[in-house]
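Line by line, the protein sequences are chains L and B.
Count along the first sequence from 1, then add 32; that gives the number in the working numbering.
Count along the second sequence from 1, then add 1006; that gives the number in the working numbering.
Since the hints were derived computationally from the structure, they do not count as laboratory data.
Among the clues, some could well be false.
With a cut-off of at most 27 angstroms between alpha-carbon atoms, the simulated BS3-like pairs for lysine-lysine come out as follows [stated by the list, open to error]:
#, chain 1, residue 1, chain 2, residue 2
1, L, Lys247, B, Lys1040
2, B, Lys1031, L, Lys247
3, B, Lys1189, B, Lys1150
4, B, Lys1189, B, Lys1040
What follows is each chain in one-letter form.
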Amino acid sequence: MTRPTATLGIVSETGAVPSERPLTPRGRGRHDQVLDLEPRAAGRRAWLSEVWSYRDVLDMLARKDFQTRYKRASLGILWAVAVPLLQAAVMAFVFSHVIAVGNGRRFAVYVMSGVVAYAYLSVAVQAGSTAIVDGASLTDKVWFPRALLVVVPPLSNLLGFVVTVTVVVAIMPAFGVPLGVQVLLLAPASVLLLGFCVGLSLVLGALDVYYRDVKFLVAALLMVWMYASPILYPQHALGRYASWLDANPLTGVVVMFHMATVGSGGPWVVPVTVAVATTIVLLVAGGEAQRHHDRLFVDLL
Amino acid sequence: MSTAIELQRIGKRYWQLSEQAMLLKSLVPLTRPKRTELWAVREVTASIGQGETIGVLGGNGAGKTTLLRLLAGVTRPTSGRARIRGRVAPLISVGVGFHHEMSGRENVYVNGMLLGLTREEVTRRFDAIIEFAELTEFIDTPVKFYSSGMYMRLGFAVAAHVDPDVLLVDEVLAVGDVAFQLKCIEHMRRLQEDGTTIVIVSHSMHAIRLLCPRALLLRKGRLEFDGDAETAISRHHELLTVDASGVSTGDAPVRIVSRLLLGPGGPTHHPDQGDVLTYRVGLQFAEAVDSPQLLFHVVTETGIIAYSMQTALGRTWHHFEAGVTANADITFRPRLGGGTYRLTVLVTDKTGSRIIGSDPTGYHLYLAPRLGTSGVADLGATIAVGAQELTDHDALLMGPPPPGAPD
Chain L
33 MTRPTATLGI VSETGAVPSE RPLTPRGRGR HDQVLDLEPR AAGRRAWLSE VWSYRDVLDM
93 LARKDFQTRY KRASLGILWA VAVPLLQAAV MAFVFSHVIA VGNGRRFAVY VMSGVVAYAY
153 LSVAVQAGST AIVDGASLTD KVWFPRALLV VVPPLSNLLG FVVTVTVVVA IMPAFGVPLG
213 VQVLLLAPAS VLLLGFCVGL SLVLGALDVY YRDVKFLVAA LLMVWMYASP ILYPQHALGR
273 YASWLDANPL TGVVVMFHMA TVGSGGPWVV PVTVAVATTI VLLVAGGEAQ RHHDRLFVDL
333 L
Chain B
1007 MSTAIELQRI GKRYWQLSEQ AMLLKSLVPL TRPKRTELWA VREVTASIGQ GETIGVLGGN
1067 GAGKTTLLRL LAGVTRPTSG RARIRGRVAP LISVGVGFHH EMSGRENVYV NGMLLGLTRE
1127 EVTRRFDAII EFAELTEFID TPVKFYSSGM YMRLGFAVAA HVDPDVLLVD EVLAVGDVAF
1187 QLKCIEHMRR LQEDGTTIVI VSHSMHAIRL LCPRALLLRK GRLEFDGDAE TAISRHHELL
1247 TVDASGVSTG DAPVRIVSRL LLGPGGPTHH PDQGDVLTYR VGLQFAEAVD SPQLLFHVVT
1307 ETGIIAYSMQ TALGRTWHHF EAGVTANADI TFRPRLGGGT YRLTVLVTDK TGSRIIGSDP
1367 TGYHLYLAPR LGTSGVADLG ATIAVGAQEL TDHDALLMGP PPPGAPD
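Sequences are here, hints too, so could you generate the full structure?
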């Protein structure tokens, strides 16, 4: 049976992928796809390839999120950079000169690099953990893997983060920290931070659908976590309790940012290993939670 | 003919929670909120052929929307299985993902991609979409400046151009002005001819009659009827009356105990405009009543009184003792436009100052519109210019049934 669709200038054969539609081998919405719906969750491989086939939607959603957030503001993306930068500058000034936890200008860079990373985590995880509930109007009519929604905030905040970090690096020399090869460490540090945020958002985003109080718990956690990590003080400031910080997965992430700027002040192998391991666990657990509850979240919104 | 949609004993259960679940509370044993189960769809088995157009009917809470959500793949069945072949586009989602700050152009991309198109596919259809939506000049304006009509048109236009194999339509004909509605129906006809499988959920019996040879009738989640649309519509109105009849006022002096609409061929829920109908209402007198008066209403779906007739107030005619019953026969011609109507009866005392019996649920009937007509009344108008009569719609009747229509 031929299907002449005159308005679109496309003639297609039902059940076949016509040549006019250049689709990737695993493209979504193909005319020959078969959707099987069963009470149990999709298989791991099937779900992952499904998510992968929606990467263009993820890209579009992240762009949309970024654009709409700053569309109203006349300074646009400047806000995405100015706010965390200002936060970092204030914290750095207070903790290096007013309260003087560390020593002088070099410590200011230490605080700034940590605060910038934490500011990104805070915004991304806060938005990511409520993304599925907030996106309810999107999700109750059209299906796409809900995991996409959760990954959007960490991605859409990435550009602002990269620019902010670049500014911090650029002003480092003025604080007596020379630019060196150590800044190359920013790449793995940022990847680790991104992975950590995505994993955390996947887990919290799934929980948020089921439990109304998750967003308050997240807000409380984000407030405490900043002080429970070596961001505003050097790790050794805790004296004999300093090693306790190593159990905090965020320590390793922050330590990597310190290594990429002022250089590591202490041992880094243990905290970084803890951070990497936690990130992997979060990503796997979050992915599994999303897979098991995909197409079920919508029932609770 | 291959099947596009296969449903095998599909069911969907929802849990209704007594309160919102809290993570902290759930860690404390025995404090989980109470939950009650609700089967929105239960044991539905049906097979829909490729290129078929099928309507889904049912009262409120019958499971129509849940069924559509299952077909759209938005939710997972609790039992049974469904298999859907080809690209599914839900027209239930007019304007999904639209963002007020973004321009019409940007929203077309977001919406189109959410509905399953790739970026290139949206680009290729872009001109056709804005032309269909009649928004060429405003396409770069943020949609927050659009009127609600423009907004809906753009949403529908995108959904209509997804070029799906299976199109799911939910109440979409309520969109926009009359001209745009006609355009939508026309567009769906074209998709029908192209072999698209269409599933329509609508409260508009007209839409179902116009587009669907076959319909599924759902009742409390179960499949009550699967067959030709006319029979389904008739059954649907019968059920509307049956399922609602428990609500009748209990302790009024006069109770309405039965309702029956008699047409030329016996009881009916689906008469023709030309029929002479008798609405027979059984009255039971719980108290002694002197010379009760009756008020007969015909109410449209939107609650407008299309017709009202009253007996002569103040006239003394009969004294009813407590416990007796009587039948009231109301004979009329339904010179009404197409639609679903409710017949209701009020009983008042002799002077009409006090209501002593009422029938809030009433009796539901469906009248098919004469082709080309709309509105509450059917005045039987004809239009002629010179010698040419222009209202002879029979010539415009539906063409041959679409491929895949059941025999």
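Going through the hints against the structure:
Distance hint between lysine 247 of chain L and lysine 1040 of chain B is fulfilled; the C-alpha atoms sit about 23 angstroms from each other, no more than 27 angstroms. About 14 angstroms separates the Cα atoms of lysine 1031 of chain B and lysine 247 of chain L, which keeps this hinted pair within 27 angstroms; it holds. Between lysine 1189 of chain B and lysine 1150 of chain B, the direct Cα distance comes to roughly 24 angstroms. Compliance with the 27 angstroms bound is thereby established for this hinted pair. Simply put, lysine 1189 of chain B and lysine 1040 of chain B have alpha-carbon atoms about 49 angstroms apart, too far for the 27 angstroms limit, and the pair is violated.
In summary, the one numbered hint that this structure violates is 4.
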